[in-house]
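Q: The chain contents come next:
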Amino acid sequence: MSNDFTPDEMMTIAASRALKNDDVCFVGIGAPSAACNVARLTHAPEITLIYESGTIGTAPSVLPLSIGDGELCETAVSTVAVPEMFRYWLQGGRVTIGFLGAAQLDKFGNINTTVIGDYDRPKIRLPGGGGAPEIASSSGEIYITMKQTLRGMVDKIDFVTSFGHGTGGDDRQKLGMTTLGPTLLITDLAVWRPDPVTKEFTVVSMHPGVTKDNVQATCGWTVKFADNVEVTPAPSVLELKTLRDLKARTKAAHEAPSASGANA
Amino acid sequence: MSNDFTPDEMMTIAASRALKNDDVCFVGIGAPSAACNVARLTHAPEITLIYESGTIGTAPSVLPLSIGDGELCETAVSTVAVPEMFRYWLQGGRVTIGFLGAAQLDKFGNINTTVIGDYDRPKIRLPGGGGAPEIASSSGEIYITMKQTLRGMVDKIDFVTSFGHGTGGDDRQKLGMTTLGPTLLITDLAVWRPDPVTKEFTVVSMHPGVTKDNVQATCGWTVKFADNVEVTPAPSVLELKTLRDLKARTKAAHEAPSASGANA
Amino acid sequence: MAKFLSIRDAVANNLKHGDSVAFEGFTHLIPHAAAHEVIRQGFKDLTVMRMTPDIIYDQLIGMGMVKKMIFSFAGNPGVGLLRRVRDAVENQWPHALEVEEHSHAAMANAYEAGAAGLPCAVFRGYLGAELAKVNANIKSIICPFTGEKLAAVPALRPDVTFIHAQKADRKGNVLIEGILGVQKEAVLAAKRAVITVEEVVDDLDTHTNACILPHWTIAAICVVPGGAHPSYASGYYDRDNVNYIEWDAIAADREKFLAWMDKHVLKAPPEIFAERVRHLRASA
Amino acid sequence: MAKFLSIRDAVANNLKHGDSVAFEGFTHLIPHAAAHEVIRQGFKDLTVMRMTPDIIYDQLIGMGMVKKMIFSFAGNPGVGLLRRVRDAVENQWPHALEVEEHSHAAMANAYEAGAAGLPCAVFRGYLGAELAKVNANIKSIICPFTGEKLAAVPALRPDVTFIHAQKADRKGNVLIEGILGVQKEAVLAAKRAVITVEEVVDDLDTHTNACILPHWTIAAICVVPGGAHPSYASGYYDRDNVNYIEWDAIAADREKFLAWMDKHVLKAPPEIFAERVRHLRASA
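For the record, the sequence lines run as chains A, B, C and D. The numbering used here numbers the first residue of the first sequence as 944 and each following residue consecutively. The numbering used here numbers the first residue of the second sequence as 944 and each following residue consecutively. The numbering used here numbers the first residue of the third sequence as 2 and each following residue consecutively. The numbering used here numbers the first residue of the fourth sequence as 2 and each following residue consecutively.
The following block holds chain A by itself, in its conformation from the complex (with noise of 0.2 Å):
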């Protein structure tokens, strides 16, 4: 254990751990690679991670600035065409979890990345879906993450990017999805589970030193709390060790300074 992480890497270590040695999960960019590869580094080192550029298997030693980076390939146990990919791979229903950010998330797990404001006229052009509508409607199951913020986490998002549990219930069945949707949720306070029923997320996990005031100031909507509320268990040495690593290596390997002259 140890007391010395940021909440950023709470986050990430604590969605890591939620991944298995047999999962097939397909991975988004940013916070979910992240926590893929660490879960691949320390308590999964058979995980099955996917990127939507077709990598199949793949096992990169330092985390891909897109989703196409060429360690990705080079790693893989085969690369497909994106073609392929969706269909036998992702629509066939091999992927397990599907791991998604959000630059907009509502209670019931819908997902914008689209546009903030009105899609005609938006205040913001995010960069829209790419995968993600159907990561969510085909994958087993959907793990998010995302920091939380007042502008993130909100009470209605402004376009249904990739679709969570709707108005919650069965709304899933109601368009005849046969996976479970989003399934759980982390971010930079707590560990968020859907209600059985009502699919609304609910916390059951806070991280160490969070309080439920700190999770309510950082959520757009009243947030409900599970009657436990567990401590999240803080990192160990070895999983903040391997984040720690795994980001300096990044970091050397993205940052070497260009020599192109091409944006001098």
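Source of the hints: derived by calculation from the structure; they are not laboratory data. Careful, some of the hints might be misleading.
What the hints assert, rightly or not - The calculated DSS-like cross-link candidates involving lysine-lysine, where the alpha carbons are at most 30 Å apart (straight line), are:
#1 A:K1117 / C:K192
#2 D:K134 / A:K1099
#3 D:K45 / D:K192
#4 B:K1117 / C:K150
Position chains B, C and D against the provided structure of chain A, taking the given hints into account.
A: Then chains B, C and D, alone, in the frame of chain A:
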């Protein structure tokens, strides 16, 4: 020119002459395969030969016994999976010539390779269509080659495995097809082309020494002859030598005695 | 997760009476050893499917194990007709055989749809072809953008797919090279996949984009050298063409067929395949 | 049939005002040199499409050449948003940009359908996703066997597809290795394909099942070493990550952007790409 050749050899060589250097030819096994490879070894060295096993741009030194022989793959520019072959290459409109044989053929180029007799109670259960139904509809045009017999060239085929010109005229267009369908029939006796309007196969050329009576005697429908029926040029020495060498190499390669004992 | 098993255990653990089964291969890598083990274990009422049913389907059907066959080209490749299939269809010997017949394009798309988790495959096909009249599983959909009528067939989702491949690594990742056929799709479309391989190696020693089936897509892997004989395994041994030619005479006669099956399948162990390809290895 | 041309001639001969164009690549092998040549030649009213429009789409749009963009993820990969795309969508600078937005699954299937000669792609997608409400090109079909409602989108059929690949042989057959993206499909879906390559070789020296585009599927091949910079070409040079990070600041300001484009694109020859990757080759 040579005078010493069989009707079979004349058929293959006449068929080979119809192929051009820039054709992309989807090759059926048997007579089509021989014709395509004679073309490749004589006047059309750059022709692209595709077999439905997925081999693209293949150049076998002997005729394959099956559409999936190893040499087809070893000599190909690329070998793709079979779903891709049918989707991107055939359905995608990349094939200029589909080259088919037939068990039964009618005067509009409709082909039966499914059953002799009733479908549910067949007299002879033939192998079936394989790739032919879509080769017939998706290739730019269709060449057919077969030996003339009264059993094979019939007024009414027992089953329409592959659609030619239907009942003639614009039947293809009525079905939404934009490809030309059968534009050439080469038998062991003659070269036939469809009438521009009725689409009925019409003899445009007879092989050296063949009479109209010969053609009619081995054809189950009343044969139409063009106003000026030409004489098919006899095989050149090179054509004949190329074909015979190919057949000799093929025979040697395929008839090596088995020593496996499994069939002892 | 792939288990390394004997072919006996792999068949016994994964197949049951009445299952739908694909033994895929496209001239190359036909899973003969797996089919022979299935025959030895005496399964009944199988629904078998394959684009190109050949000798092993002649054998399965001749031995009375098959209720229904889904196919697109039933022939002895390079030789001619399948005598046992004909006898079943034409004379109901040893019993009647239900057939569901498609074109290659339809079957290839149907396996693809199975691998892709879709209920049906959509393609441009069967235009003017009479199969659409005798097969109730050939339907159509209308393109919502152009109004074009496209063919639709149900996805193929076999209970078990058997294929033969060149090699596996020790984790159970399987490599296929050369003529790929529809094997990857048939494996991914199946509930359970059993793969015989020529050998197990430390490292597949192949390239980035090779056709690899990850170990977690496979139920069982069985090392059966020569397991594709008399078909071939690119890089290992050549096709035994004479064997295909000889099959025509064996299958032509019911008694001769049964005697051959008794001697070469029912009373033969799977290990015999290694022997059968020995003379074909030198030139491969 | 592939012609070996300079990138100047290849662009001039194959692209015209108002065309629909794909510059495909999936982080790997982005055709930067081709896009810069298109910018230099000053085309107007283009409809551009790509699953992952990145810096070159920021550049094309910022230079006012694009009428419409079809896409599924518009970001600076690994860095953040595309500033010029945002400025066009949010502020109509330099003019309004029409967008047709899809998911990756839809775009990948739509290119696949284009390559397969189909009018539309059918897949399981957009379930509950709001894009289906703002994009009229997202429709549905009903599976005639199960009644399931599946998503349908029109096939993508660009007038011209530009890609960058590792190498061509002297006949013009082109090899792609590593992360393949959707390039094969984008080429086969296009009316005309222009491919820049790192080099031309006597023999592609690859394996049986490599991703190869036969010469007769390609309109023009251009040898442009470094033509993917700042993206990478597996086996040739690494990704210039810093360049992507620096782009964010350049693109954030209209004047800075225009000055950069003038110096590094409008006044730069295609040959400069070889120089740009020189320092990235050692480690690749």
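Q: Checking against the hints above, which ones are violated?
A: none
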